[in-house]
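Full structure from sequences and hints, please.
Protein chains: 2
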Amino acid sequence: MLTVALPKGELLKNSIHILQDVGLDFSAFLDSGNRQLQITDSSGQAKGLLVRAQDVPVYVEYGQAQLGIVGYDVLREKKPQVAHLVDLQFGHCRMSVAVKKSSPYRSALELPPHGRVASKYVNCAREYFYSLDFPVEIVPLSGSVELGPITGMSEAIVDLVSTGRTLRENGLVEIATLYESTARLIAHPLSYRLNTGHLLELVEKLRLSVLSTIAV
Amino acid sequence: MLTVALPKGELLKNSIHILQDVGLDFSAFLDSGNRQLQITDSSGQAKGLLVRAQDVPVYVEYGQAQLGIVGYDVLREKKPQVAHLVDLQFGHCRMSVAVKKSSPYRSALELPPHGRVASKYVNCAREYFYSLDFPVEIVPLSGSVELGPITGMSEAIVDLVSTGRTLRENGLVEIATLYESTARLIAHPLSYRLNTGHLLELVEKLRLSVLSTIAV
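One line per chain: the protein sequences are A and B, in this order. Residue numbering for the first sequence is 901 to 1116, as defined by the numbering used here. Residue numbering for the second sequence is 901 to 1116, as defined by the numbering used here.
Hints may contain errors.
[What the hints assert, rightly or not] Capping the alpha-carbon separation at 20 Å, the derived lysine-lysine pairs in PhoX-like fashion look like this:
1. K947/B x K978/A
2. K947/A x K913/A
3. K1020/A x K908/B
4. K1020/B x K979/B
5. K947/A x K978/A
6. K1020/A x K979/B
7. K908/A x K978/A
8. K1020/B x K978/A
9. K908/A x K1000/B
10. K1020/A x K908/A
11. K947/B x K913/B
12. K1020/B x K1020/A
13. K978/B x K947/B
14. K908/B x K1020/B
15. K1020/A x K978/A
16. K947/B x K1105/B
17. K1105/A x K913/A
18. K1020/A x K978/B
19. K1001/B x K947/B
20. K908/B x K978/B
21. K1020/A x K979/A
22. K1105/B x K979/A
23. K1020/A x K1000/A
[Claimed, not checked] Over the 10 Å line for every Cβ pair with chain A, so calculated as not near, a few chain B residues:
24. R952
25. S1003
26. P1012
27. R1026
[To be verified] Here are some chain A residues the structure puts well away from chain B; computed CB gaps all over 10 Å:
28. G933
29. K979
30. F1034
31. P1040
32. S1042
33. S1044
34. R1065
35. L1108
Hints in this document: simulated from the structure, not taken from any laboratory. Think of the CB as a built atom: it goes at the ideal place given N, C-alpha and C, for glycine as much as any other residue.
Right under this line is the structure:
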């Protein structure tokens, strides 16, 4: 039986809807009283695994799930050994550099050299400033990154921005975009090549379903 | 003015109580409606910073907070450059190896060599098995680590155990303890040496307050 790893949080609802479109029903994960992390689709075709977004590629990389849905940001940050299959066209957001609105910085290169940049995405942040050949110190935080500039610990942050509300509420503005992100369908490379559990058929259906949504 | 970094979650309530005992009131962080991450104590002596537990040592290491309260588990995992000052004697828990109750493994050395161990504490797990000279593959997860053995992705987990309820609910049992953990008072080393903002006085008061609690 196929196993699909689904991400908790922002992308869950749309992930479940797109799988429903191709005949896999994991809507039980959306019940507010649900505490189960593993359920079997009502048609008995596949198992769903509900895990943290960052853990989706881990389950897929280790072959515990053959398919997974996860944000491109996680793939860019962790670089897991998985096959990237379909851009699912939902969960649009962007990885941005932001600073205090009251600061004088209006582009990444205007930041003070050897200044500090706080981020949960330390690899993305490091690669970006490296590509600019601009030396900064990356401060690894695990949450509330906006506190970096507010407390004065860092001049800037690198974080995922969707509506921009959190930035506005904290008096921050974006000054550069590293890349755009959306939800992606990923697969365990060997399972994909061997077409385990008729995986290719399902992937094709999902691809067509996404295309039809865009056409409308 | 002194800044104290406080950890969100399990340790927050006791952290606030112990600071109240020495005259610093950050109880506003406990109001259910509170959204502020930075408040000044009502006596105007110090500022409180409410951050994720893993971020407490980051704020202290970078000198943005002179003092912080955090679990020993975080200090063992991240090894930040901070001064360890006082064992605050609350938040007792332990870092343990656990396996499925139905598995044949009853000690760490009985695990299959080159087997998999899932953990959020990858450094602690790696060091432990290294100290046993026992080769395992560490699978880094960020949440719901108990899914590792349940899905069959890993033979064991290394995780923080307090009451043991999560393990029991998931049919897992502890087979080894890496170390015991409690909440710790930490300081920015230079601020501590220079006695910034009469920090030493506050640390001494906290030490006495902990001792008097134990005596009772």
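Taking the hints in turn, this is what the structure says about them:
Our distance criterion of 20 Å between C-alpha atoms is broken by K947/B and K978/A, whose separation comes to about 36 Å. A C-alpha spacing of about 17 Å is found between K947/A and K913/A, which places the hinted pair at or below 20 Å, so the restraint holds. For the suggested pair K1020/A and K908/B, the alpha carbons sit about 17 Å apart, so the restraint of at most 20 Å is met. Simply put, K1020/B and K979/B have alpha-carbon atoms about 15 Å apart, close enough for the 20 Å limit, and the pair holds.
For the suggested pair K947/A and K978/A, the alpha carbons sit about 25 Å apart, so the restraint of at most 20 Å is broken. For the given pair, K1020/A sits about 18 Å from K979/B by alpha-carbon distance, which is consistent with the 20 Å threshold. Among the hinted pairs, K908/A with K978/A is consistent with the structure: their alpha-carbon atoms are about 17 Å apart, no more than 20 Å. Taken as a hint, the K1020/B and K978/A pair is honoured in the structure, with Cα atoms around 15 Å apart against an allowance of 20 Å.
Distance check on the hinted pair: K908/A and K1000/B sit about 24 Å apart at the alpha-carbon level, beyond 20 Å; violated. In summary, the hint linking K1020/A to K908/A is supported, as the alpha carbons are separated by about 18 Å, within the 20 Å threshold. Distance restraint check for K947/B and K913/B: the Cα-Cα separation of roughly 17 Å lies within the 20 Å cut-off, and the hinted pair is therefore satisfied. Taking the CA atoms of K1020/B and K1020/A, the gap is near 16 Å; set against the 20 Å cutoff, the hint holds.
With a C-alpha separation of about 25 Å, the suggested pair K978/B and K947/B falls outside the 20 Å cut-off, and the hint is violated. Note on K908/B and K1020/B: the hinted pairing holds, with a Cα-Cα distance of about 18 Å set against a maximum of 20 Å. Under the criterion of a C-alpha separation no larger than 20 Å, the hint pairing K1020/A with K978/A is consistent with the structure, at around 12 Å. Using a Cα cut-off of 20 Å, the hinted pair K947/B and K1105/B holds, with the two alpha carbons roughly 18 Å apart.
About 19 Å separates the Cα atoms of K1105/A and K913/A, which keeps this hinted pair within 20 Å; it holds. Restraint check: the Cα-Cα separation between K1020/A and K978/B comes to about 15 Å, which is no more than 20 Å; the hinted pair holds. Under the criterion of a C-alpha separation no larger than 20 Å, the hint pairing K1001/B with K947/B is inconsistent with the structure, at around 47 Å. At roughly 17 Å between alpha-carbon atoms, K908/B and K978/B fall within 20 Å of each other, so this suggested pair holds.
At most 20 Å may separate the alpha-carbon atoms for a hinted pair to count; K1020/A and K979/A meet this at roughly 15 Å. Among the hinted pairs, K1105/B with K979/A is inconsistent with the structure: their alpha-carbon atoms are about 48 Å apart, more than 20 Å. Between K1020/A and K1000/A the alpha-carbon distance is near 18 Å, which keeps this suggested pair within the 20 Å criterion. Non-interface call for R952/B relative to chain A: violated, since the shortest CB-CB distance, roughly 4 Å, does not exceed 10 Å.
Distance check for S1003/B against chain A: the nearest CB is about 17 Å away, which clears 10 Å, and the non-interface claim stands. Distance check for P1012/B against chain A: the nearest CB is about 16 Å away, which clears 10 Å, and the non-interface claim stands. The Cβ of R1026/B lies farther than 10 Å from every Cβ of chain A, with a closest approach of about 16 Å, so its non-interface assignment holds. The Cβ of G933/A sits about 16 Å from the closest Cβ of chain B, beyond the 10 Å cut-off, so the non-interface label holds.
Non-interface call for K979/A relative to chain B: holds, since the shortest CB-CB distance, roughly 13 Å, exceeds 10 Å. A cut-off of 10 Å between C-beta atoms confirms that F1034/A is not in contact with chain B; the least separation is 20 Å. At roughly 7 Å from the closest C-beta of chain B, the C-beta of P1040/A falls inside 10 Å, breaking its exclusion from the interface. Here S1042/A does not stay apart from chain B, with its beta-carbon only about 5 Å from theirs, under the 10 Å limit.
Distance to chain B contradicts S1044/A as a non-interface residue, since its nearest Cβ pair spans about 6 Å, not more than 10 Å. The Cβ of R1065/A sits about 13 Å from the closest Cβ of chain B, beyond the 10 Å cut-off, so the non-interface label holds. Remark: the non-interface label on L1108/A is consistent with the geometry, its nearest Cβ contact in chain B lying 30 Å away (cut-off 10 Å).
Violated hints for the displayed structure, listed by number in ascending order: 1, 5, 9, 13, 19, 22, 24, 31, 32, 33.
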